[in-house]
Amino acid sequence: MTAAPARAGKAPAVPPADAAPRKVDFDLKQSGIYIAFALTIVIFAVLTDGVLLSPQNLSNIIVQQSYILILAIGMVLIIIAGHIDLSVGSVVAAAGALAAVMMVDMDLPWPVAVIATLIFGALVGAWQGYWVAYFGIPAFIVTLAGMLLFRAVTYAILGNQGIGPFPDEIRTLANGFIPGFLGNVGLGAELGGADLFSIIVGVVVVVVMGFLQYRTRVGRIRYSQAVDPMWMFLLKVVLPAVIVMFLVVQLARFRNLPWVLVLLALLVVAYTMVTNRAVFGRQIYAVGGNLQAATLSGVKVKSVVFWLFVNMGVLSAVAGLIFAGRLNLAGPTAGNSFELDAIAAAFIGGAAVQGGVGRVIGAITGGLIMGVINNGMGLMGATKPQQVMLVKGLVLLAAVAFDVYSKRRAAGAK
Amino acid sequence: MTDTILRMSGITKTFPGVKALQDVNLEVRRGEIHSICGENGAGKSTLMKVLSGVYPHGTYEGDIEYDGDLCHFSGIRDSEHRGIVIIHQELALASNLSIAENIFLGNEQATRGWIDWNRTNAAADQLLRRVGLAESAVTPVIDLGVGKQQLVEIAKALSKEVRLLILDEPTAALNDEDSAHLLNLLRGLRDEGITCVIISHKLNEVMGISDRVTILRDGRTIWTDDTANLTEEKIIAGMVGRDMEHRYPDHTPKIGEEALRIVDWTVYSPSQPDRAVVRKANLSLRRGEIVGLAGLMGAGRTELAMSVFGRSYGVNISGKLIKDGKEIEARNVRAAIDHGIAYATEDRKRYGLNLIEDIKRNVSAAGLSKLARGGWVDGNEEFKVADEFRASMNIKSPSVDAVVGKLSGGNQQKVVLSKWIFTDPDVLILDEPTRGIDVGAKYEIYTIINRLADEGKAVLVISSELPELLGICDRIYTLSAGRITGEVPRAEATQESLMTLMTKEVQEVAP
Numbered sequence: 006m007t008a009a010p011a012r013a014g015k016a017p018a019v020p021p022a023d024a025a026p027r028k029v030d031f032d033l034k035q036s037g038i039y040i041a042f043a044l045t046i047v048i049f050a051v052l053t054d055g056v057l058l059s060p061q062n063l064s065n066i067i068v069q070q071s072y073i074l075i076l077a078i079g080m081v082l083i084i085i086a087g088h089i090d091l092s093v094g095s096v097v098a099a100a101g102a103l104a105a106v107m108m109v110d111m112d113l114p115w116p117v118a119v120i121a122t123l124i125f126g127a128l129v130g131a132w133q134g135y136w137v138a139y140f141g142i143p144a145f146i147v148t149l150a151g152m153l154l155f156r157a158v159t160y161a162i163l164g165n166q167g168i169g170p171f172p173d174e175i176r177t178l179a180n181g182f183i184p185g186f187l188g189n190v191g192l193g194a195e196l197g198g199a200d201l202f203s204i205i206v207g208v209v210v211v212v213v214m215g216f217l218q219y220r221t222r223v224g225r226i227r228y229s230q231a232v233d234p235m236w237m238f239l240l241k242v243v244l245p246a247v248i249v250m251f252l253v254v255q256l257a258r259f260r261n262l263p264w265v266l267v268l269l270a271l272l273v274v275a276y277t278m279v280t281n282r283a284v285f286g287r288q289i290y291a292v293g294g295n296l297q298a299a300t301l302s303g304v305k306v307k308s309v310v311f312w313l314f315v316n317m318g319v320l321s322a323v324a325g326l327i328f329a330g331r332l333n334l335a336g337p338t339a340g341n342s343f344e345l346d347a348i349a350a351a352f353i354g355g356a357a358v359q360g361g362v363g364r365v366i367g368a369i370t371g372g373l374i375m376g377v378i379n380n381g382m383g384l385m386g387a388t389k390p391q392q393v394m395l396v397k398g399l400v401l402l403a404a405v406a407f408d409v410y411s412k413r414r415a416a417g418a419k
Numbered sequence: 036m037t038d039t040i041l042r043m044s045g046i047t048k049t050f051p052g053v054k055a056l057q058d059v060n061l062e063v064r065r066g067e068i069h070s071i072c073g074e075n076g077a078g079k080s081t082l083m084k085v086l087s088g089v090y091p092h093g094t095y096e097g098d099i100e101y102d103g104d105l106c107h108f109s110g111i112r113d114s115e116h117r118g119i120v121i122i123h124q125e126l127a128l129a130s131n132l133s134i135a136e137n138i139f140l141g142n143e144q145a146t147r148g149w150i151d152w153n154r155t156n157a158a159a160d161q162l163l164r165r166v167g168l169a170e171s172a173v174t175p176v177i178d179l180g181v182g183k184q185q186l187v188e189i190a191k192a193l194s195k196e197v198r199l200l201i202l203d204e205p206t207a208a209l210n211d212e213d214s215a216h217l218l219n220l221l222r223g224l225r226d227e228g229i230t231c232v233i234i235s236h237k238l239n240e241v242m243g244i245s246d247r248v249t250i251l252r253d254g255r256t257i258w259t260d261d262t263a264n265l266t267e268e269k270i271i272a273g274m275v276g277r278d279m280e281h282r283y284p285d286h287t288p289k290i291g292e293e294a295l296r297i298v299d300w301t302v303y304s305p306s307q308p309d310r311a312v313v314r315k316a317n318l319s320l321r322r323g324e325i326v327g328l329a330g331l332m333g334a335g336r337t338e339l340a341m342s343v344f345g346r347s348y349g350v351n352i353s354g355k356l357i358k359d360g361k362e363i364e365a366r367n368v369r370a371a372i373d374h375g376i377a378y379a380t381e382d383r384k385r386y387g388l389n390l391i392e393d394i395k396r397n398v399s400a401a402g403l404s405k406l407a408r409g410g411w412v413d414g415n416e417e418f419k420v421a422d423e424f425r426a427s428m429n430i431k432s433p434s435v436d437a438v439v440g441k442l443s444g445g446n447q448q449k450v451v452l453s454k455w456i457f458t459d460p461d462v463l464i465l466d467e468p469t470r471g472i473d474v475g476a477k478y479e480i481y482t483i484i485n486r487l488a489d490e491g492k493a494v495l496v497i498s499s500e501l502p503e504l505l506g507i508c509d510r511i512y513t514l515s516a517g518r519i520t521g522e523v524p525r526a527e528a529t530q531e532s533l534m535t536l537m538t539k540e541v542q543e544v545a546p
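As you go down the protein sequences, you meet chains A and B in turn. For the first sequence, our numbering assigns the number 6 to the initial residue and increments by one for each residue that follows. For the second sequence, our numbering assigns the number 36 to the initial residue and increments by one for each residue that follows.
The shape of chain A in the complex, shown without the other chains (with noise of 0.2 Å):
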């Protein structure tokens, strides 16, 4: 009845749709979480007269929100590889107890300590990572489970009472800054004086990461690969370094940068580079994209998911360190529903519920801007935990909901 012949329906495709080559390739998945950071931030800043954004403010959300941040990286891997882990908050709580009774009833030198705990946490992530990979049980199963057994773990070591105080390295580390070797600089009348050294650090800082970009943009250009207009390439180096000098200056005002800010950062740059280059990182998201796929490519699937729990367990003891050092006690109900602040944070920042997609960077805007609603609402006198429960509960809702939809818009426009 058609007069079409069987195979004009479909010429050999070139789908116009991806012909404009990165020039303002406006991705409003990736770039939408920075913008919706942005927002927050200029929407406390007004609410609180620019309390929010004040040098103790600033340093206070930083601190505050350290450990959440340090989850959140090893959860946005798990996530990736399309698993989950809500034993965090336990393992959080058992590592703290750990070091607590090393460290304080022990009398163990603490660096002797902070090793112990870690390769404690390390066996608790060997644990999970070997039930879910080799055993093949959902690492929502494994991990609930891991949750009770490790807040188990936490009350046998302590009893019904909190350990401390900590060392003072432990409390510098988690609580302390960085001391001003260089004295400070006047900033001008309103601003008062500054620290020299941290300022430094900043300049330092940026332009490593100026050069940086710049390198990277050389290397593509010389693979003739395309790039980003120079308008943009500017804009992409200028921003983030005007953000960080901001930040820098006024922590400087305060009292320099936090010990716990650097071992972020460090985190940060390490964790990114491993899931952008290493051959690790890119098997994370071989796994999560299709497992199927990553098996028949020859990636030892198991290996990877075990090592991303071994991971996990690292950095959960690494942040119940910080979190015991900065209460300065390790108590048995330390870490509860950290796990959800983590998962939340890697959500947030754009990782996808099937896996395959997500980004170090964006789980750590994600709990910034929990930080952020956490810290200003506080800051507007919204004392009531409900109420920050209700905001953080929303905009969880209100991220996965936009990543859902623009999917199905993508979807829908194939």
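Hints were generated in silico from the structure; no laboratory data involved. Backbone N, C-alpha and C define an ideal beta-carbon position, used for all residues, glycine too. Incorrect hints may have been included.
Said to hold, decoys possible - Incomplete in silico selection of chain B near chain A, CB under 8 Å: (1) Val368; (2) Arg385; (3) Leu390; (4) Trp411; (5) Ser434.
As the list claims (entries may be wrong) - With a straight-line cut-off of 25 Å between C-alpha atoms, the simulated SDA-like cross-links for lysine to any residue are: (6) Lys431/B x Gln218/A; (7) Lys195/B x Asp211/B; (8) Lys419/B x Lys307/A; (9) Lys241/A x Asn415/B; (10) Lys289/B x Ser319/B; (11) Lys195/B x Asp38/B; (12) Lys384/B x Leu356/B; (13) Lys419/B x Gln218/A; (14) Lys307/A x Ser404/B; (15) Lys384/B x Ser499/B; (16) Lys241/A x Asp393/B; (17) Lys361/B x Asp382/B.
Said to hold, decoys possible - Far from chain B by the CB rule (all over 10 Å, computed), these chain A residues: (18) Leu58; (19) Val109; (20) Ile120; (21) Gly141; (22) Gly197; (23) Ile248; (24) Ala298.
Guided by the hints, dock chain B onto chain A, whose structure is given.
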């Protein structure tokens, strides 16, 4: 008995890019067993899906006249309501539920919303006796073999007061005894007045059971005839007798040393560990040669290929792999790749590609270590490699940063091939390399296959399309029910001779 129960006329069904059915006519008489035969992809299953409402009225052209009425089914429920029940090749039973629960799934025996278990189980027991199954109705389906599960499906159909029963490859997964039982049951149902339509590849069964046969080929009806007038040869001629509409690039092979020998290869099914899906298969692949592997659905082609490729399919695998004269062990995919074996899957979307990633990351997926130093990938080299493949394989895309999920089938296939060529294999197994891609892209794929052979690689092509195998292969193996039933040089092969070998039943020899 010339009363017609079903008349489908002028059925045309188009999928994006493919005309699956073209002006198909089918007439089924009341109370007969009617077989539909055709090659893989001839349109048999599509036709049955049109009939049962899986493809609802309006998505196809043509008329369905059932029991004298013009029918517009908008879903399976509509057709089942009229007594048309289809049993698919992949059984659709919930394996953790009992036989009775499965039989009445969606048709629960309830009073005011509460299930009456006594009534359910009693009714199920009665149906089970009708199909000759001695099991209790409360047995979980998971405890039954495939043959018995098939009978449960039929019992389920009977519970819906079936009048036209459609079976898609009912005996493909059954052993001889279960097959015989099933066919006897169908004869019994015919005598009770139930009309059956059977899709089957097993021609001896078709000859044995059916009253009439309809042949489909390339989405068209070829003929319908009484079985009494037919022979297996006539059916085969009807199934394959198409003109060579595709063109194949010329190729003069330069055949070298043997690259891979597969010796006494036996593989058991992971879901039914007592059923051998490949039995004592022996194959030899030589450098520079393109070897075909022909077999019908369920013959074990993919199972053979995947089990060789790092044991990615099957259990209790026995036999030897001899690569370049030396026996090798390839216990996992990585080891197989390292030994220079590559396998491009028949289902590229599910098993071959990461559809949410871009071209370059898919191209590098199996050979990432070649781009890495100390565990770090050189992204610029990766781009260069992928871009070279984009040029040499003619992948139509503006850049290798394009997401693979948005490419056309032919271009996706080229990405899959690029991925495997990048691992620099000696032996390439290509499973249905041209499935679902258009004619122009097929020609390009054939050219690439020829080029690979000329580079001294051994290529094994698995295909359902016999003209394709005849067009590009130097030598063709046939596989039937897990056994190699023939090895034919191209010069001596015809579609008819291959089809005869592919449908040959080999008697069980003592192990």
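So which hints don't hold here, by number, going up? When the structure is compared with the hints, numbers 6, 7, 8, 12, 17, 24 turn out to be violated.
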